[in-house]
Amino acid sequence: MRTREQLEHGISLVMAFGVGISGLLLALSLVYGAMGMAGGKQLAVVGILFLVSTPIVRVFMCLHHFTLQKDWRYIALTVWVLLAMALGIVVGATG
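For what it's worth, the numbering used here labels the leading residue of the sequence shown as 10, then goes sequentially.
Because the hints were derived from the structure by calculation, they are not lab data. Just so you know, even glycine gets a beta-carbon here, dropped at the ideal spot from N, CA and C. Don't take every hint at face value.
[To be verified] Distance windows between CB atoms, simulated: (1) Asp80 - Gly45: 45 to 55 Å; (2) Met46 - Leu77: 44 to 54 Å; (3) Val28 - Gln78: 44 to 54 Å; (4) Phe26 - Gln51: 14 to 24 Å.
I would like the entire structure built from these sequences, with the hints used as guidance.
Structure (structure tokens):
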């Protein structure tokens with residue numbers, strides 16, 4: 010069974026990886042744009058997708074942890090957060 014410390018360590022790794030990859034892709038998109046190379050816009054889109062998906066992965070990790078712990082209160086709260094995030098994405102995508 011995973012401990013809280015293991016969860017926190019895993020979350021910190023996911024957050025660092027997501028933000029780091031996103032930053033790298035966004036920086037590369039700027040370099041591509043400055044050099045007039047094709048593909049800069051696609052790199053920027055993928056970088057933003059990494060940035061947006063990082064907190065979603067974090068919430069799923071918490072949901073998994075709370076499910077293993079059978080902590081029903083936090084499972085319900087985490088599902089509520091996921092639904093709110095999904096609603097925000099849908100509303101944002103549809104304008």
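CB of Val28 to CB of Gln78, is that within 44 to 54 Å? Violated - the Cβ-Cβ distance for Val28 and Gln78, about 27 Å, lies outside 44 to 54 Å.
Does 14 to 24 Å hold as the CB distance between Phe26 and Gln51, or does it fail? Cβ of Phe26 to Cβ of Gln51: about 20 Å, so the range 14 to 24 Å holds.
Given a hinted range of 45 to 55 Å, is it respected by the beta-carbon distance of Asp80 and Gly45? 54 Å, holds
Is it true that Met46 and Leu77 lie within 44 to 54 Å of each other by Cβ? For Met46 and Leu77 the Cβ distance comes to about 46 Å; the hint holds.
Checked against the numbered hints given earlier, the structure breaks only hint 3 and satisfies all the rest.
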